[in-house]
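Residue numbers (this note's numbering): 1 to 175.
If you are wondering where the hints come from, they were derived from the structure by calculation, not from laboratory data.
Since the model is a prediction, treat every value here as computed from it, not as a measurement.
Note that beta-carbon positions come from the ideal geometry of N, C-alpha and C, so glycine has one too.
Take the hints with a grain of salt, since some may be wrong.
The calculated lysine to aspartate or glutamate pairs, modelled on EDC-like cross-linking and capped at a C-alpha distance of 20 Å, are [to be verified]:
| hint | residue 1 | residue 2 |
| --- | --- | --- |
| 1 | 24 | 9 |
| 2 | 93 | 10 |
| 3 | 22 | 55 |
| 4 | 36 | 2 |
| 5 | 36 | 84 |
| 6 | 24 | 10 |
| 7 | 13 | 29 |
Label-pair restraints from in silico Cβ distances [to be verified]:
| hint | residue 1 | residue 2 | range |
| --- | --- | --- | --- |
| 8 | 22 | 91 | 25 to 31 Å |
| 9 | 19 | 107 | 33 to 39 Å |
| 10 | 77 | 49 | 28 to 34 Å |
| 11 | 53 | 17 | 19 to 25 Å |
| 12 | 9 | 46 | 20 to 26 Å |
| 13 | 99 | 57 | 32 to 38 Å |
| 14 | 107 | 22 | 39 to 45 Å |
| 15 | 46 | 109 | 32 to 38 Å |
| 16 | 61 | 102 | 26 to 32 Å |
| 17 | 29 | 112 | 34 to 40 Å |
| 18 | 111 | 61 | 26 to 32 Å |
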Amino acid sequence: MEFLQWDTEDVAKWVESIGFSKYKACFTENFITGRKLIHVNCNNLPKLGVTDFRDMLVISASVRLLLGITETPWDNSIADPRRDTMALFLEVKSRTGRWTDSLTYHHFLYYLEDPDAEPEDEEDEEDEDDEDDEEEDDENEDDKNEDDKNEDDKNEFDKNEFDKNEDDKNEFDKN
1 MEFLQWDTED VAKWVESIGF SKYKACFTEN FITGRKLIHV NCNNLPKLGV
51 TDFRDMLVIS ASVRLLLGIT ETPWDNSIAD PRRDTMALFL EVKSRTGRWT
101 DSLTYHHFLY YLEDPDAEPE DEEDEEDEDD EDDEEEDDEN EDDKNEDDKN
151 EDDKNEFDKN EFDKNEDDKN EFDKN
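The task is simple: from the sequences and hints, build the whole structure.
In structure tokens form, the structure reads like this:
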């Protein structure tokens, strides 16, 4: 996945290497990096300045080949199975940030199956500190119960205050 690190010049060299040097400027002027290359397809190539239909087909196919993904069928339904998981992963990787930079394909697949789950290798580290975690959980539960009680008191106060204001409003309306 070296292409994720490509800058605009690297992308321009790649465009030239697939035989489309006439479109190098289209990619550099639109600041297409390796991460943005993930989104290049026949739908948005005209926005970049590539308008020849045959060129669009070849460039899109070359991008898919580079990325190692399959073409999404044009008649894809939401009832159909998910798209190529590599394509979904690369869409996530196209964004920047600490989390996406550290995300691996293995972890992505894990999150894809259960978004609330922790990756397996992180769970192993947690097993070592189970006793400490249980003590902290008990303390946190006590704090949570206290917070819930305070929240209930606050809600009761707000309700009484609201009722009092409604009574005042009704009294004002009578006068």
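Hint-by-hint comparison with the structure:
A hinted pair counts as satisfied when its Cα atoms are at most 20 Å apart, and residue 24 with residue 9 qualifies at roughly 9 Å. Between the alpha carbons of residue 93 and residue 10 the distance comes to roughly 18 Å, so the proposed pair stays at or under 20 Å and holds. Only pairs whose Cα atoms come within 20 Å are accepted, and residue 22 paired with residue 55 is accepted, the gap being roughly 11 Å. Under the criterion of a C-alpha separation no larger than 20 Å, the hint pairing residue 36 with residue 2 is consistent with the structure, at around 13 Å.
Among the hinted pairs, residue 36 with residue 84 is consistent with the structure: their alpha-carbon atoms are about 18 Å apart, no more than 20 Å. Pair hint residue 24 plus residue 10 holds up; C-alpha atoms about 10 Å apart against a cutoff of 20 Å. Between the alpha carbons of residue 13 and residue 29 the distance comes to roughly 14 Å, so the proposed pair stays at or under 20 Å and holds. Here the CB-CB span from residue 22 to residue 91 is close to 28 Å, well matched to the stated 25 to 31 Å.
The beta-carbon spacing between residue 19 and residue 107, approximately 36 Å, falls within the hinted interval of 33 to 39 Å. The hint said 28 to 34 Å for the Cβ distance between residue 77 and residue 49, and at roughly 32 Å that hint holds. Evaluation of the 19 to 25 Å hint for residue 53 and residue 17 yields a pass: the beta carbon distance comes to about 22 Å. The supplied range of 20 to 26 Å is met by residue 9 and residue 46, whose beta-carbon atoms lie about 23 Å from each other.
Checked against the given bound of 32 to 38 Å, the beta carbons of residue 99 and residue 57, roughly 35 Å apart, stay inside it. Taking 39 to 45 Å as the suggested C-beta distance range, the pair residue 107 and residue 22 conforms, at roughly 40 Å. The hinted range of 32 to 38 Å is satisfied by residue 46 and residue 109, whose Cβ atoms lie roughly 34 Å apart. Hint check: residue 61 to residue 102, Cβ distance near 31 Å, so the stated range 26 to 32 Å holds.
Taken as a hint, the range 34 to 40 Å holds for the pair residue 29 and residue 112, whose Cβ atoms sit roughly 35 Å apart. The beta-carbon spacing between residue 111 and residue 61, approximately 29 Å, falls within the hinted interval of 26 to 32 Å.
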